[in-house]
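*Asks:* One-letter residues, chain by chain:
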Amino acid sequence: MSAWDRFLKTFFNTEVMAKYLPDILQGMVVTIELALLIVVSGIGAGLVLALIRSLAIRPVNWLIIFVVDLFRSLPPLVIIVLIYFGLPAAGISASAFVSTWLSLSLVLMSFAEEIFWAGITSISRGQWEAARSTGLSFGQTLFNVILPQALRLTVAPLTNRTIAITKGTALGTVVALHEILGMASSAVSNSYNPSPLMMAAAAYLVLFLPVVVGARWIEARFAWKR
Amino acid sequence: MNSTVAEPIVAARGIHKHFGHLHVLKGVDLEVAERELVFVIGPSGSGKSTLLRCLNRLEEPSAGNITVAGIDMLDPRTDINHARQHIGMVFQSFNLYPHMTALGNVMLALRKVAGKSRTEAEKLAQAALERVGLADRADHRPAELSGGQQQRVAIARAIALEPRVMLFDEPTSALDPELVGSVLAVMRSLRESGMTMIVVSHEMGFARAAADRVVFMDHGLIVEQGPPAQIFESPAHERTRAFIGQIRQH
Ligand SMILES: Nc1ncnc2c1ncn2[C@@H]1O[C@H](COP(=O)(O)OP(=O)(O)O)[C@@H](O)[C@H]1O
Ligand SMILES: [Mg+2]
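Residue numbers (my numbering), protein chains in the order written: chain A, 1 to 226; chain G, 1 to 250.
Chain G with its partners taken away, still in its complex shape:
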């Protein structure tokens, strides 16, 4: 891990999350530097999604501090809708709006949140679709697109707002294997453009090629973290080793 002099763009400290009696996050600290790509791995149920969702406050942490791009996310005075513009999120299940075209999906927040005029929003949305290689699918409804194309529209919807950070929650897990590559390619070009990214995924090849740091979570805690080579080849903890061994077998 490179020691950054600059303020981290994402700083989460002592994050706890309870769902009733279930203690899902047990004091997670995560700092992410600008332009860094952090990969989060861990067994199902270890709290990876919950952690991501706490970062943009889709989930309310039970305790802890979170700042993103200098904004105190948990301060009640923070305009959360304004803050969320700076944090793009991509979901496992795409969650495109089925009643709108691809272009409409991307335009909605540009119009309603960023306050762009119709023509301006349309221009920006078209440019975002271009970045994910779907300029020619602007008029298609989600139902008329493949899973990979839908996920790329979802990425376009997020990046159109020019976020400072992008959160990806298993972006390729719901895709047929032959469609995974197109989504990873878009993520890689995003990374090359300097986007700060936190990615929950089991795509080890992608992690190896693109991640600055891999974070291993288990039972609501970060067990260990480090450069991909270190985590994948010589993990310090037995639990990490066991998990890496498991996902290797796929």
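One chain only, chain A, in its complex shape:
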């Protein structure tokens, strides 16, 4: 057997691959569900926090900044482990799925809040003043004048951050979540063959490559001249 054949048999073993393909596909479903949930709840919560922050209520803003800085400094893996093993101690038990979803949502929320906030504050004071001088309320100004401009600025950093964090769904393996990587690792230990890892890599590419390409397109579209 040539070295090349040995390589193929080890890393692209068709028998093993066929056997574990259903597992990997099942893992993909979990990863997709989880990623979509994280994107919706993380970005949604981040936007809500940024809007609350714009009300400039001091103690509330201190709290927001504290929470946001906390979740931006902790490694996501640590948060997942803390929630999965820590919550039961507080009498709440969270499944591996819920723990991973909650953890990564909190992380995305925190980064998204900072990105939205940076967008909002980058809009000049003159925009606020012009709008308010015509009688628009604070909220009307925020939603009609400030946010539409701010959101355009946030598209690029937000897409990049969202991709980075949703890839973190792979961290769910440490709490035995049956997403792509988790399925692949157990397949590897059961078959004594690393081919499932190759399938996992392919699965991630299939899922995230279109997202990365799409992000490029979105960025180009929203980079409009002022």
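Hints listed in this document are in silico derivations from the structure and should not be mistaken for laboratory results.
Misleading hints may appear alongside valid ones.
What the hints assert, rightly or not - Far from chain A, by Cβ distances over 12 Å, these chain G residues were calculated:
| id | residue |
| --- | --- |
| 1 | A6 |
| 2 | F19 |
| 3 | D79 |
| 4 | H86 |
| 5 | P98 |
| 6 | R137 |
| 7 | D139 |
| 8 | V223 |
| 9 | Q230 |
| 10 | Q246 |
As the list claims (entries may be wrong) - One side of the interface only, derived from the structure: several residues of chain G facing chain A at Cβ under 10 Å:
| id | residue |
| --- | --- |
| 11 | Q85 |
| 12 | F91 |
| 13 | N95 |
| 14 | A114 |
| 15 | K116 |
| 16 | L124 |
| 17 | A158 |
These numbers were taken from a predicted model, which means no experiment stands behind them.
From the three backbone atoms N, C-alpha and C, an ideal C-beta is built for every residue, glycine too.
Using the hints provided, position chain G with the ligands relative to the given structure of chain A.
*Replies:* Using the frame of chain A, we list chain G with the ligands on its own:
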């Protein structure tokens, strides 16, 4: 200054403004009659913008009273957003909304503040753009307009709400010299239509031709005021004389 029998449309009394330790307005009294055009001049930092911005409460005065069109501007019970409809403001830097067309800029407050229907707002906005000579630019974004055109859209945005008073804060200072004339022409036609106007500007030619009264401010106080000819030709105060001399040299 003509002694008006009627209530002044703008009455500011004893206005003080502090920014931290900085005492920027030190007891300013300003009354403006209906249809009057008051010109405010003074050195940079003398508090002209702050005074204007107190009148529509973009800036909160530290002390004093302000009524505009019979509305007590500083009364906490006053609906400030409603009151501001009656006070148009034009800024040095135009401040058009860059994500909207010229028409969209003018329509926004008509829809959201004056509560007009879309068709009604569109009609009024188009008419306002017509008044500033930009009916054919309705679909343009601010980035596609010259500075002079942008400032005229900003004027249209304010007058579309049919304000009782218009405040202008150095409306031509950010413009290339060749674009100043078009904005001044719009201001003059506004004046001819009877609009009450308070204008902070150094356009002396315009002041001479159009102003009823010139107010000279320095260090947060009104130093003197009077008809343009008097202030420009024979000011009573040395500080006024020095300032007029300075801006003449440009
Ligand atoms: N928001 C602010 N915070 C602190 N200082 C301010 C603020 N706005 C204006 N000032 C100060 O108030 C003084 C008067 O400013 P301004 O009214 O803009 O003068 P003018 O329009 O006559 O040039 C200046 O010294 C300026 O630096
Ligand atoms: Mg000024």
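*Asks:* Hint check: is the beta carbon of G:L124 less than 10 Å from a beta carbon of chain A?
*Replies:* It is violated, given that the least Cβ distance between G:L124 and chain A is near 13 Å, above 10 Å.
*Asks:* Is the Cβ of G:P98 farther than 12 Å from every Cβ of chain A?
*Replies:* violated, 5 Å
*Asks:* At a threshold of 10 Å, is the proposed contact between G:K116 and chain A supported by beta-carbon distances?
*Replies:* Given a least distance of 13 Å, the restraint on G:K116 is violated.
*Asks:* Does G:A6 really sit off the interface, with its C-beta more than 12 Å from all C-beta atoms of chain A?
*Replies:* Consistent with the label, G:A6 stays out of reach of chain A, its closest Cβ about 25 Å off (over 12 Å).
*Asks:* For the restraint on G:Q85, tell me whether the closest CB of chain A is nearer than 10 Å.
*Replies:* holds, 4 Å
*Asks:* Should the interface hint for G:A158 be scored as holding, given a Cβ-Cβ cut-off of 10 Å against chain A?
*Replies:* holds, 7 Å
*Asks:* Closest CB-CB distance from G:H86 to chain A, is it above 12 Å?
*Replies:* Given that some Cβ of chain A is not farther than 12 Å from that of G:H86, nearest at about 9 Å, it is violated.
*Asks:* May I ask you to test the interface hint for G:A114 with respect to chain A, counting a Cβ-Cβ separation under 10 Å as satisfied?
*Replies:* Holds - the Cβ of G:A114 comes within 10 Å of chain A, reaching about 8 Å at its closest.
*Asks:* According to the definition I'm using, a residue is off the interface if its beta carbon is farther than 12 Å from all beta carbons of the partner; does G:R137 meet that for chain A?
*Replies:* Consistent with the label, G:R137 stays out of reach of chain A, its closest Cβ about 18 Å off (over 12 Å).
*Asks:* Does G:Q230 sit more than 12 Å from chain A, CB to CB?
*Replies:* Answer for G:Q230: holds, closest chain A Cβ roughly 32 Å.
*Asks:* The output says G:D139 does not contact chain A. Does that hold with a beta carbon cutoff of 12 Å?
*Replies:* Answer for G:D139: holds, closest chain A Cβ roughly 16 Å.
*Asks:* Using Cβ atoms and 12 Å as the threshold, tell me whether G:Q246 really stays out of contact range of chain A.
*Replies:* holds, 28 Å
Hint check: violations occur at hints 3, 4, 5, 15, 16; the rest are consistent with the structure.
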